[in-house]
Amino acid sequence: MAVTDALGRGPELGYWISSEEHPPDRLVDHAAAAEAAGFRTAMISDHFHPWTPGQGQSGFVWSVLGAIAARTAALRVGTGVTAPIARVHPVVIAHAAATVELLMPGRFFLGLGAGERINEQVVGRHWPTGRVRREMVEEAAGVIRRLWSGSTVTHEGEHFRVERARLYSRPDTVPPIVAAAGGRKSAQLAGRIADGLVGVAPDPDLVDAFEGSGGAGKPRLAQLHVCWAESETEARRTAHEWWPNAALPPALLGELAVPTQFAAAASLVTEDAVAEQVVCGPDPARHRAAIDRFVAAGFTTVYVHQIGPDQQGFLDFARRELLDHLSA
Amino acid sequence: MAERVDTEQVRALAREGAVLIEVLPRDAYEAEHLPGALSIPLEELNRDAVAELDPTRPTVTYCYDYQCDLSARAARRLETLGFDRVYDYTASKVAWFAEGLPTAGRIRDERRAGAVARPVPTCSLSDTVAELAQPMADHDRTVVTDDSGVVLGLVRREVLALPPGTAVERVMQLAPPTVRPSIQVDELADSMERDGRSYVLVSHLDGTLVGLIERADLDGRH
Chain A
1 MAVTDALGRG PELGYWISSE EHPPDRLVDH AAAAEAAGFR TAMISDHFHP
51 WTPGQGQSGF VWSVLGAIAA RTAALRVGTG VTAPIARVHP VVIAHAAATV
101 ELLMPGRFFL GLGAGERINE QVVGRHWPTG RVRREMVEEA AGVIRRLWSG
151 STVTHEGEHF RVERARLYSR PDTVPPIVAA AGGRKSAQLA GRIADGLVGV
201 APDPDLVDAF EGSGGAGKPR LAQLHVCWAE SETEARRTAH EWWPNAALPP
251 ALLGELAVPT QFAAAASLVT EDAVAEQVVC GPDPARHRAA IDRFVAAGFT
301 TVYVHQIGPD QQGFLDFARR ELLDHLSA
Chain B
1 MAERVDTEQV RALAREGAVL IEVLPRDAYE AEHLPGALSI PLEELNRDAV
51 AELDPTRPTV TYCYDYQCDL SARAARRLET LGFDRVYDYT ASKVAWFAEG
101 LPTAGRIRDE RRAGAVARPV PTCSLSDTVA ELAQPMADHD RTVVTDDSGV
151 VLGLVRREVL ALPPGTAVER VMQLAPPTVR PSIQVDELAD SMERDGRSYV
201 LVSHLDGTLV GLIERADLDG RH
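Protein sequences appear in the order of chains A and B.
For the first sequence, the positions run 1 to 328 when the working numbering is used.
For the second sequence, the positions run 1 to 222 when the working numbering is used.
Since the hints were derived computationally from the structure, they do not count as laboratory data.
Glycine is no exception: its CB is placed at the ideal position from the N, C-alpha and C atoms.
Take the hints with a grain of salt, since some may be wrong.
Examples of chain A residues lying across from chain B (beta carbon under 7 angstroms, computed) [to be verified]: (1) Gly10; (2) Pro11; (3) Ala201; (4) Glu211; (5) Gly212; (6) Gly217; (7) Thr233; (8) Val295; (9) Ala296; (10) Gly298.
Residues of chain A placed beyond 10 angstroms of chain B at every Cβ, according to the derived structure [to be verified]: (11) Thr72; (12) Pro204; (13) Lys218; (14) Thr260; (15) Arg293.
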């Protein structure tokens, strides 16, 4: 029973490429393996640090995207998400994104968000409040779109300065911008400035705030954390070891400064608490039920993040049990 | 002491010929009041103001809402003036309007949510996604209600992508936003714009569904 958006697409599953957990070359392998398994879209996290030291990795997303472009043929890939706050100036984001779009024409999208301190404090600036960071996202999106249009941009904004900047390597068709939202205010901002929404909870109110602020008919993307393994016991253990941050209060996620602080906070997190936030185990019904909650809340693509090392095991499971679920 | 009465009792009293008296200031009365009600602001409620009224007839006082004590004080005052069948409509006109009952005054009923609300398909908790294909053919949303029409949840069109046997109860949104039929269209349009809401349901105080208003329904009306 198909339901389609304005472009004729029904809801679909996507694959989450987790930069915090795997070395850059493995991320490229995972993207290729996901495409081979039947995934048509993926998102890749854009971090400077992993959440916890134990996750152990955090490659530079734009280099990894260049390699993914070369190793995949049709996979649509976006950043999940890039923060125009401190570490990367919007001029550089516009530059990097235009280049990636040229390397994978029609296959790239830019995810923007208000960022986390763990990735942005590294350049030694004051960490702004959520309200200020939302303003920065809005201003940055404007700068990025002007640069993509081919203009020579001079901009004296509230948060960013740009002087006589012009992109010389530019795609004919610019990539879509999607914006991450954790609450109504950021969802309204996404509706105003972006071509799509990115959410992390099956919250219909978030989707409505997006749609009611200009986002009607535009894609709504979501991230779902799972840990597939042969047994539930093994899955729970892996999820707790690799992704204890799943069970931290959301208010902390943007505010802690370094991975060791996340490890300290996560030392209080139990396996049960992680298993409440993450779908753990081999039972397809439980994975499908979690996907269904996002679809019912109005999300159009659910990007599934398999926690831990066993990506191929998950991809095989997804091909067998999940990918046909929404197109039945 | 005057008997406290609810909306149903006030309707019954009005049918029996009770006198309704709004005791709020005159401008509040002129904006909106109960049909047939008299205006006697509390600050004018003395022997002269009630000289024309029959103190043996049932008489109901009301004010703004249940947090406002003007109707209680007016009821007591009427009793001191010799009225012997006085009723205090504690919940007052906010409750009356919220039920979508007729109003009088400057604010016209067609400028209220109750008049703008459109029919919306409904289903029950025990339905499955398969049963929504028909109602959803022309609608983006279906409201989940009980047998008496109380709003229990809402499902979006996207659920049609789920397996046909999926139970509505498992995937419905639990607390869709609702407003009362009495809210004025201008006020509703402003709040929906501010909060970025694309739709609200209109329901009575007891939670029973009246209909649906989408943002586009309010365009050009305010």
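Now for the hints, and whether the structure bears them out:
1. Interface hint status for A:Gly10: upheld, as the beta-carbon distance to the closest one in chain B is roughly 5 angstroms, under 7 angstroms.
2. Against a cut-off of 7 angstroms between C-beta atoms, the interface hint on A:Pro11 holds, since the closest Cβ of chain B lies about 5 angstroms away.
3. Contact between A:Ala201 and chain B, as hinted, is not supported at the beta carbon level, the nearest pair being about 13 angstroms apart and thus beyond 7 angstroms.
4. Because the smallest distance between the Cβ of A:Glu211 and any Cβ of chain B comes to about 4 angstroms, under 7 angstroms, the interface hint for this residue holds.
5. Because the beta carbon of A:Gly212 sits about 4 angstroms from the nearest beta carbon in chain B, less than 7 angstroms, this interface hint is met.
6. With its C-beta approaching chain B no nearer than about 11 angstroms, A:Gly217 sits outside the 7 angstroms limit, and its interface hint is violated.
7. Look at A:Thr233: its Cβ only gets to about 26 angstroms from chain B, farther than 7 angstroms, so that hint breaks.
8. At a threshold of 7 angstroms, the smallest CB-CB gap from A:Val295 to chain B is about 5 angstroms, leaving the interface hint in force.
9. Hint status for A:Ala296: holds, given a least beta-carbon distance of 4 angstroms to chain B, under 7 angstroms.
10. A hinted interface residue such as A:Gly298 counts as satisfied when its beta carbon comes closer than 7 angstroms to some beta carbon of chain B; here the least separation is about 5 angstroms, so the hint holds.
11. Remark: the non-interface label on A:Thr72 is consistent with the geometry, its nearest Cβ contact in chain B lying 25 angstroms away (cut-off 10 angstroms).
12. The Cβ of A:Pro204 sits about 4 angstroms from the closest Cβ of chain B, inside the 10 angstroms cut-off, so the non-interface label is violated.
13. Every beta carbon of chain B lies more than 10 angstroms from that of A:Lys218, the smallest distance being close to 12 angstroms; the non-interface claim holds.
14. At the 10 angstroms boundary, the C-beta of A:Thr260 stays outside the reach of chain B, the nearest C-beta of that chain being 39 angstroms off.
15. Its beta-carbon lying about 7 angstroms from the closest one in chain B, A:Arg293 breaks the requirement of being farther than 10 angstroms from that chain.
Violated hints for the displayed structure, listed by number in ascending order: 3, 6, 7, 12, 15.
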